[in-house]
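Trainee: Spelled out from the first residue to the last, the chains are:
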Amino acid sequence: MNLKDLYSQIITENSRNSAHRHEVEGATHTLEGVNPSCGDDIILSLRVEDGVVADGGFTGSGCAISQASASLMLDLVIGRELDTAKHLCDIFLRMITGEVTDEELEELEDAAALQGISKIPARVKCAVLSWHTLEELLD
Amino acid sequence: MIDVRKDFPILQAGENGAPLVYLDNGATTQKPVQVLDAIRDYYLRDNANPHRGVYELAQRATDVHEDSRARIAKFIGADASELVFTQNSSEALNLVAYSYGLNFLHAGDEILVYVAEHHSNLVPWQRVAQQTGAVLQYLYPDENGYLTEAELDKKITARTRVVAVAQVSNVLGLITPVKAIVEKAHRVGAVVMLDCAQSVPHMPVDVKALDVDFAAFSGHKLYAPMGIGGLYGRKELLKSMPPFLSGGDMISYVHEDRAAWAEAPRKFEAGTRNVGGEVGLAAAMDYMESIGWEAITAHEEALMEQTLDGLKKLPFITVYGGGTAKERKGVISFNVQDVHPHDVATILDAEGVAVRAGHHCAQPLMEYLGIGACARASFAVYNTQEDVEIFLNALKSVRRWMGLES
Numbered sequence: 001m002n003l004k005d006l007y008s009q010i011i012t013e014n015s016r017n018s019a020h021r022h023e024v025e026g027a028t029h030t031l032e033g034v035n036p037s038c039g040d041d042i043i044l045s046l047r048v049e050d051g052v053v054a055d056g057g058f059t060g061s062g063c064a065i066s067q068a069s070a071s072l073m074l075d076l077v078i079g080r081e082l083d084t085a086k087h088l089c090d091i092f093l094r095m096i097t098g099e100v101t102d103e104e105l106e107e108l109e110d111a112a113a114l115q116g117i118s119k120i121p122a123r124v125k126c127a128v129l130s131w132h133t134l135e136e137l138l139d
Numbered sequence: 001m002i003d004v005r006k007d008f009p010i011l012q013a014g015e016n017g018a019p020l021v022y023l024d025n026g027a028t029t030q031k032p033v034q035v036l037d038a039i040r041d042y043y044l045r046d047n048a049n050p051h052r053g054v055y056e057l058a059q060r061a062t063d064v065h066e067d068s069r070a071r072i073a074k075f076i077g078a079d080a081s082e083l084v085f086t087q088n089s090s091e092a093l094n095l096v097a098y099s100y101g102l103n104f105l106h107a108g109d110e111i112l113v114y115v116a117e118h119h120s121n122l123v124p125w126q127r128v129a130q131q132t133g134a135v136l137q138y139l140y141p142d143e144n145g146y147l148t149e150a151e152l153d154k155k156i157t158a159r160t161r162v163v164a165v166a167q168v169s170n171v172l173g174l175i176t177p178v179k180a181i182v183e184k185a186h187r188v189g190a191v192v193m194l195d196c197a198q199s200v201p202h203m204p205v206d207v208k209a210l211d212v213d214f215a216a217f218s219g220h221k222l223y224a225p226m227g228i229g230g231l232y233g234r235k236e237l238l239k240s241m242p243p244f245l246s247g248g249d250m251i252s253y254v255h256e257d258r259a260a261w262a263e264a265p266r267k268f269e270a271g272t273r274n275v276g277g278e279v280g281l282a283a284a285m286d287y288m289e290s291i292g293w294e295a296i297t298a299h300e301e302a303l304m305e306q307t308l309d310g311l312k313k314l315p316f317i318t319v320y321g322g323g324t325a326k327e328r329k330g331v332i333s334f335n336v337q338d339v340h341p342h343d344v345a346t347i348l349d350a351e352g353v354a355v356r357a358g359h360h361c362a363q364p365l366m367e368y369l370g371i372g373a374c375a376r377a378s379f380a381v382y383n384t385q386e387d388v389e390i391f392l393n394a395l396k397s398v399r400r401w402m403g404l405e406s
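Residue numbers (our numbering), protein chains in the order written: chain B, 1 to 139; chain E, 1 to 406.
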């Protein structure tokens, strides 16, 4: 494992200074996701208007990977239609299991910075916590 | 310092080419070749199902099973008749909660648990409380992590029926004042359930001298394989308790509509036992005694002191639980400022250092400390001063990796 790939600037900065770390005014969807093996939790909130993610935010605590992942996820899905958000969720989760094409990776934009996690099985749960929470929230 | 690394081949080959600096011994220890050989020899020469056959091999397996029991009981100062084999501490603690707790506790009785307990000495008691109407009360440490006499006097009352504590906290590492707890508990007629999972690997434990009513321990934390552990129970208590699991080998007679139980400890040992594991545990205890308690405690205390001193010099480290190297056993829990312990553990792993990170199965303690999680370095007899140096050096790079000032 190369720590440089894992703790890139995108990850460390997003883990600390996320623009999305806040509660969402007029949230229509809220769900808590927990990682029972480490105690990390994330409360994810969205305000959905006319089938579009108008705003989103998260609170809770966790490691740099889980926090950066939540932040990058919201960067990606805010302003998107729900179907697109679900589609991006699907791509991200497949990226972590190593079944993703280069074209799909491009769709993930900065969230593709988490691709290296697929090589560190012990940290996969950290990276997917917010995405699984989003997936469940949109179902 | 003692040097036993040659007995542990796994330490020679770390994940990243460098020798393994294994500092997660509070979770499980590595196993010496002496233990592995003993298990292998049992399966090569003596394996059959104990207590079941009349042929010679079965008798030999029975002898190995009962000889191991006597050997293991002696290690903790118990009689063989008071040692129940279990898979691990968790099963031993559950056995007491279900067999003793559910049958002898009533609504309004109090179960007193230390807030630092591992979930295995806490969750079973929560369930007992829910099912019997007993009330769960908590002991709390003072600001330095000590469990004080004043706190014991306040919480141990005429309603207390069970006091469940660990002899050494798996997070704080401090030795619990067992003598005071036992005296005060017995004065009000309560029983003491002592979780020795973290103490037995690091200090001589004599359950009779401690005068506890129950004591649980795991083999895998003291150089033996996973899947074998034990429960000490005071003879008259084991006699009065109904079985926990039932089935083969724990009966004296079975009719269509009823059964009578075997004497303790067999009453609590349903099904075929893990004799290979028992042999391994007995061999691990032989191994520890061949090194000697004096040498083990001096060695581990020196590592503890070196680590505590080193951590004190790093301004970005918070250590949980006070106490000197002499008052602590085995574990040091800590956090790196502004870095989540999982990231700490991943960065240390890249340097070949294995530490635990998370809530350590002690979430109420994490809540009490006001943290979500922490990292933990824990020692065994094969760790060296060099291990500690590598660990302390690796810690210095953690904040830099995270893009922070070091």
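Any given hint might turn out to be false.
Claimed, not checked - Facing chain B, a subset of chain E residues (Cβ under 7 Å, in silico): (1) 354; (2) 358; (3) 361; (4) 370; (5) 372; (6) 397; (7) 403; (8) 405.
What the hints assert, rightly or not - Covered stretches of chain B, going by a simulated chain E footprint (3 or more residues, C-beta under 8 Å): (9) 25 to 39; (10) 57 to 64; (11) 92 to 101; (12) 119 to 131.
If you are wondering where the hints come from, they were derived from the structure by calculation, not from laboratory data. Cβ atoms here follow ideal geometry from the backbone N, Cα and C, with glycine treated the same way.
Trainee: Run every hint past the structure and note whether it holds.
Mentor: Each hint, compared with the structure:
With a least beta-carbon distance of about 11 Å to chain B, the hint placing residue 354(E) at the interface is violated under the 7 Å criterion. Proximity of residue 358(E) to chain B holds as hinted, the smallest CB-CB distance being about 4 Å (cut-off 7 Å). Taken as an interface hint, residue 361(E) does not check out: its beta carbon lies about 10 Å from the nearest beta carbon of chain B, beyond 7 Å. Taken as an interface hint, residue 370(E) does not check out: its beta carbon lies about 11 Å from the nearest beta carbon of chain B, beyond 7 Å.
Because the closest C-beta pair between residue 372(E) and chain B is about 5 Å apart, less than 7 Å, the hint holds. With a cut of 7 Å, the hint placing residue 397(E) at the interface with chain B is violated, because the nearest CB-to-CB distance is about 9 Å. At a threshold of 7 Å, the smallest CB-CB gap from residue 403(E) to chain B is about 4 Å, leaving the interface hint in force. The interface hint given for residue 405(E) is broken, as the beta carbon of that residue sits about 13 Å from the closest beta carbon of chain B, more than 7 Å.
Only residues whose beta carbon comes within less than 8 Å of a beta carbon in chain E count, and the stretch 25 to 39 of chain B has 3; three or more means the coverage holds. Under a criterion of three residues with beta carbons nearer than 8 Å to beta carbons of chain E, the stated coverage of the stretch 57 to 64 of chain B is upheld, 4 such residues being counted. Closer than 8 Å: that is the beta-carbon criterion, and the stretch 92 to 101 of chain B has 0 residues meeting it against chain E, so the requirement of 3 is violated. Here the stretch 119 to 131 of chain B counts 4 residues with a CB under 8 Å from a CB of chain E, which clears the bar of 3, and the coverage holds.
Checked against the numbered hints given earlier, the structure breaks hints 1, 3, 4, 6, 8, 11 and satisfies all the rest.
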